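A.B. asks: Spelled out, the chains give:
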Amino acid sequence: MAETTYVKAITGALAEAMRADDRVFVLGEDVAEGGPYTATAGLAEEFGTARVIDTPISEAAITGVAIGAAQSGMRPVLEIMFVDFVTLALDQLVNAAAKAHFMSGGQLTVPMVVRTQGGAGQRGAAQHSQSLESWLTHVPGLKVVMPSRAVDAAGLLAASIRDPNPVVLIENKTLYFRREEVPDELPAVELGVSATLREGRDVTIVALSRLVHDALAAAERLAAEDGIEAEVIDPRTLVPLDLAAIVKSVQRTSRLVVAHEAVAHGGFGAEIAAQVQSAAFDFLDAPVVRIGAPFAPVPLSAPLEDAYLPGADEVVAAVRGLVMPP
Amino acid sequence: MVEPPLDGAQALRLLATMWRIRLFEEAVGRLARADEAHGLIHTSVGQEGIAAAVCSQLRDDDPVYSGHRAHGHAIAKGAPLDRTMAELLGRDEGLCRGLGGSMHLVDVEHGFMGATGVVGGNVPIALGSALAARLRGDDTVAVVFFGDGAVQAGHFHETVNLATLWRLPLVLVCENNGFAEFTPRSAHTNVERVTDVVAPYGLARDTVDGNDVVATWDAFGRYLATARAGGGPFLLECLTYRLGGHYEGDPAAYREALAAEEWQAKDPIVRLQRHAAAEGWAAEGEFEAIRSEAADAVDQAVAFARASPFPPADLLEELVYADG
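From first to last, the protein sequence lines are chains D and F. Take the numbering used here: the final residue in the first sequence is number 326, and no numbers are missing along the way. Take the numbering used here: the final residue in the second sequence is number 650, and no numbers are missing along the way.
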């Protein structure tokens, strides 16, 4: 075993992919300097600035550049520094990258990865804290990946780089420097395969990204304080979604809580809830509960941001409401 | 480096290409009015000379991108008329199996990497293909066609900045027909010439009469030779004239119709024929033979397209993601 961090796992996976495949290159704002969270630190030193390309702040154009390079046989890994700025890249992602394979009748493929990061909790205010994954999951042709732990962040990134489709991998800024014990050799991970991180008979909690850790903490409290055994599933990839594993769990527990940091309204939790009730309505003993942020932008003010963010307390309360109705 | 000027054999090949485009698009117009060809269809009648002069000098492995007015560029790059027509009719044997249509033509085999319905959207994507050439160390040259309407979009400026910063082998070919959709250029910008718009970026650039095929051939050929040797980027602004409306069915009431003789003076086909005759490259009868051969090919393409089946419904699921 070894201790590492989420961001080191990402950096290591990038370096590994670049060593293994000449077609892999990295581009984005400040990537040669390592970026604001050091995710690309050291890559320019090892691979040179021809393959670790600093770009101007031109999200639309650099996304197009990555698409063109991918269509021409390269394997670009584009960094969009904050997911908040994916807004500027959406035309290229939605109208070009996601549709090129389909619209060309299968002639073109776009094997590119967009690495970006989201999430609040660092007093970044409304334009540097968002969780925008549900927009991307709504676009046929894109794959969407959200690692929660160092142990599979590397495998998920490697699988995303190998994938022949455009993949958006959304990291979480509050997880970057979280320490984690991992095996010396990080495991391979397939896109579309969830991880059941805790087994339990009473309720299924499906949590995304940072909320995975809150869900695990909540599960420990529920076990200790209430004798409730929660099963915690990290889907790891939203598109494709490992619905089968979630349904199988719900068929045993009969209760489902879906938890993410994004605004609950129109969030990906709604999609999971809808799919589970379609597939396993007869097994559910209670309505699916969604946990997400309120329908408001992320506030700057520290107490307001803390109150805004869903966490372990909300998960505990939701599970108690489901399992121990008044 | 001085490239050889257009010779007689090349000129006749260009004429054949231009006739194929002209007659193909006239047929598309008829099929659209008959509700056989679908989608938002934009023809380039009157602008064929640029497509022919540029694409005929490229190799199959040179990636070419276009915008929404793309039939001519695809055909000039080598896309077969029959499968291109089948695409416009939404058929399974279309270039893109009927899933793309007029604004999304792609023919990878001939290096036609794609049209787009997003104005200027392919400009950065073409730069990405040029970057791929640089990273691989090959001598392919990327070319992107766009209209003057794209020049007012932010992604155009972002791309020109990057292209010049990185000195990539990209030739930007602007077809300046003076209209952005329905509105004259003068209503959208105070800068009349696209070459003036990009001047601060410092790239080599030129404005030519895009309906003068000989001039367009020469200007593009010079840039291509330098780009092939690793130079770039370049911008070639081709002043041209769109004989039709913005889209098929547009009554184009927003501008004055050209008098027939005025058009004769602008028509790139007529002008190249006159030039070829004056140079003694061909006799009058040969021009008719070229036109008639193109007409036959277009007729065959229409027959092929009509006979091709519609794609199977399960294609929808099959092609959303690539396997791998």
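Take these hints with a grain of salt, some might be off.
Claimed, not checked - What the simulated footprint calls covered on chain F by chain D, stretch by stretch (three residues with Cβ under 8 Å from a Cβ of chain D suffice, anywhere in the stretch; the number is not a length):
no.	segment
1	442-452
2	484-490
3	512-518
No lab work stands behind these hints: they were computed from the structure. Everything numeric in this text was worked out from a predicted model, so none of it was measured. Backbone N, C-alpha and C define an ideal beta-carbon position, used for all residues, glycine too.
A.B. asks: Determine for every hint whether it applies to the structure shown.
C.D. replies: Consistency of the hints with the structure:
With 9 residues having a Cβ less than 8 Å from any Cβ of chain D, the segment 442-452 of chain F passes the three-residue criterion, so the hint holds. With 4 residues bearing a CB less than 8 Å from a CB of chain D, the segment 484-490 of chain F meets the requirement of three and the coverage assertion stands. Under a criterion of three residues with beta carbons nearer than 8 Å to beta carbons of chain D, the stated coverage of the segment 512-518 of chain F fails, only 0 such residues being counted.
In summary, the one numbered hint that this structure violates is 3.
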